[in-house]
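Asker: One-letter residues, chain by chain:
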Amino acid sequence: MAKLRFRRLDQHSPAFWGVIGLQVFLLALGLGAALYMEEHGHAVTGMSNQIVWGLPHVFAVFLIVAASGALNVASISSVFGRPAYKPYARLSGILAVALLAGGLAVLVLDLGRPERIFVAMTTYNFKSIFAWNIYLYSGFMLIVGAYLFAMMDRRASQSAMLGKTMGWIAFAWRLILTTGTGSIFGFLAAREAYDSAIMAPLFIAASFLYGLAFTVLVLATTGRELGHELMPKEIAEKFRGLLSIFALSLLYFTIVHHLTKLYASGHQGVEVFLLRDGGVYPLVFWLGQIACGTLLPLGLLALARDSVTVRRLLPLVSVLFLLGGLAQLYVIIIGGQAYPLKLFPGMEVSSSFFDGTVASYRPSLPELLLGLGGISLAALLTTLALRLMPFLPELQTARE
Amino acid sequence: MRRSAATALGSVLLVALAAASAMPAAAESGWLAPHPPKGKGEHCVADTAFMRRNHMNMLLRHRTEAVRLGVRTQQYDLNGCVNCHAVAGPDGKPVSFDSPQHFCRSCHSYAAVSIDCFECHPSRPEETGKTAAVRPADREVAAIGQYLRDIGR
Amino acid sequence: MSAGPQTAQPLADRRALLRGAGGFLATLLAPGVTLYAFGAQGSPSEGPASSKVRWALLIDIGKCPPGCDLCVTACREENGWRDTGRPDIDAQWIRKVKLRDAQSGEHREVPVMCQHCDKPACVDVCPTGASFKRADGIVLVDKHICIGCRFCMMACPYKARSFVHEPLTDQKPWAPRGKGTVEGCTLCVHRLDSARLPACVETCADKGGGAMMFGDLNDPNSDIAKAIAKYPPSQIRSDLGLEPAVRYRNL
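Protein chains in written order, with this note's numbering: chain A, 1 to 400; chain B, 1001 to 1153; chain C, 2001 to 2251.
Chain A on its own, in the form it takes in the complex (with noise of 0.2 Å):
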């Protein structure tokens, strides 16, 4: 087999710098919003005491559970020792880091007193899934970059005996950060909508799908700005499979999830809310979720006649799967809080407080500006670790 050839982003066309300049834009007004937030306090959010997460916790959790999943090419290649995947094995791992840190960088923008950080990373509730979640996410940046360091080194890449344990920690890793975040919420039994053991698994179907949407976008972007294909026909057929059997397991966990609480008479009220009358709510699951976030782009790629198709398709579906992404999260997440807590249950409750009734909640300018820096702050990252150090792979051209 030939030798694998990595390369950098070296190549660079006016487009490119455009784009660049615009994430560095959108992540300027991110920060600005950051700050706005901070000194202002909330008020200048939609956020309130009844919709406590919000927009930036759409955004975070989406680039926290897409980090986690972007690492599967690399794991598809080293743990189950598929050769296939190996040339983007690299940039898996260090799109990981950088989709991680966009998702952290929210989170902890958000929080009430962020300079506080550093009493959360040093003052911990060994009981909290939060505290957990920590550990998990500053652990997951150091075992990518020491499984990197394995792939990347001259001296260490020799040994696959290392490949392979790094492989497999970074994947036991990325699972039990993944099922950490879903237990965020699956833990909480205050809340209808979520106390189910099932978010844990429906997160890790979640992030294999967005991981590889957002893995897919990479390469076809660089490939543009490097002049030619970084997806081979078999890849690009490689790709169509996985990302249907991703987005149709999610389907499965989703269904699952939703007909089980369907289905005890004490949980329906969530449900008819979240499915059918909650407004807002109903709107982006069956239109956002499943129809533009897994129906269509399933479609398409059923659809696609031929290998050349597919990979025109590629990008096109990845973005359908990735807004369907938010989607969801934003059911799961808004949704899930905009439903009233029983505090008595047969009882028609009201009072100064929103007891008894759905939560109204508005996005707020500060909110979007911040999730969607947070993504320019991932792009950044992953331009600027592709520009410096061979991550993406050279491959034969003959072979098209």
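Please keep in mind that the hints were generated in silico from the structure rather than gathered at the bench.
Fair warning: there could be bad hints in the mix.
[Stated by the list, open to error] List time: in silico BS3-like cross-link candidates among lysine-lysine, alpha-carbon distance up to 30 Å:
#	chain 1	residue 1	chain 2	residue 2
1	B	K1038	B	K1093
2	C	K2063	A	K342
3	C	K2052	A	K127
4	A	K342	C	K2052
5	C	K2133	A	K342
6	C	K2230	A	K342
[To be verified] Here chain B is said to cover these stretches of chain C; the calculated rule only asks that three of the stretch's residues, wherever they fall, bring their Cβ under 8 Å from a Cβ of chain B:
#	segment
7	2101 to 2115
8	2127 to 2140
Glycine residues also receive a C-beta, built at the ideal position from the N, C-alpha and C atoms.
Fit chains B and C to the known structure of chain A by using the hints.
Answerer: Okay, now just chains B and C, sitting in the frame of chain A:
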């Protein structure tokens, strides 16, 4: 080339030495040092030199004791510090932490060490007469009650 | 007052006289201090809160008149949170929840605040440990280390906690509160630590329906322990197994 470099270095050293020797004199005369205003009456916690070096650790310890353990003492009550160290502004009323004249600001602004105590704690003494803080009278009343119960047993 | 040795026979009379006079004096000196509410732990010590005590609240809904919100006003006055015209983000440490039975149409009002659970969900989920349970059972937020993540607000089934959405000034010195941290009912811990009753209990007893009883659950001689032993009260969402210290009668 070497001579001008040596001259430059020498003059820099001379200026630094002069400045260093002037520092203590400047501090005493108040030119470079912070000027925290004097509190009312005698110190009730510890002497000034001790407080200057250790008030941060004291505050960290006593805030944990007060909140987490419920150990509330009059001596270490933050409101006591605020009351005694209140500085009157131009209108005669105590200034808040926003004003550079505030007792804590006088050193903390100088040292550029930001503190967040007064984001939650009021930085001015409260109006007299309304307090729920530890009151000696309550302790005496409760002690009477305890005595009565004791002799009843 | 000295506790010297006394002879047996006139002792009973003298004690009775002293008790009567002392009680009268105590009532004059410090209105609102209920000596016997504090049971075995009488005087406020400068020592730590003790786990021998478990503070609890018993609220009789039958004595809670609809339309009365004296407890809410008292808590506002005492702790400094107020209505700034934005009910969605204003802090509310205690509120009256109006209930209507869907089947019978009967109306009731229930004061709901932090339930000070024995197994608090908010304490479990707090990443820094800022949400904690004090030795005597009161669940508090240590605002010195709260990072404002609001996870405790997500976890609380009673919607007990509020987030401070705006910069605050002129807080009450005994109830510090600030932007970016989470807060909730403290059972007036600053009052408890100087042997006084929570503001809501005191006001309800003085001017309201007398619906609130406060005391030490661990002291079998306390009024609250005896009341609970006589007719077990109910708890909100007892199915969650959090064992709140706030109990309700006639719910």
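Asker: Look at each hint and say if it fits the structure.
Answerer: Each hint tested on the structure:
| no. | hint | verdict |
| --- | --- | --- |
| 1 | K1038/B <-> K1093/B | 16 Å, holds |
| 2 | K2063/C <-> K342/A | 24 Å, holds |
| 3 | K2052/C <-> K127/A | 24 Å, holds |
| 4 | K342/A <-> K2052/C | 33 Å, violated |
| 5 | K2133/C <-> K342/A | 24 Å, holds |
| 6 | K2230/C <-> K342/A | 29 Å, holds |
| 7 | 2101 to 2115 | violated (count 0) |
| 8 | 2127 to 2140 | holds (count 5) |
In terms of the numbered hints stated before, the structure departs from hints 4, 7, listed from lowest to highest.
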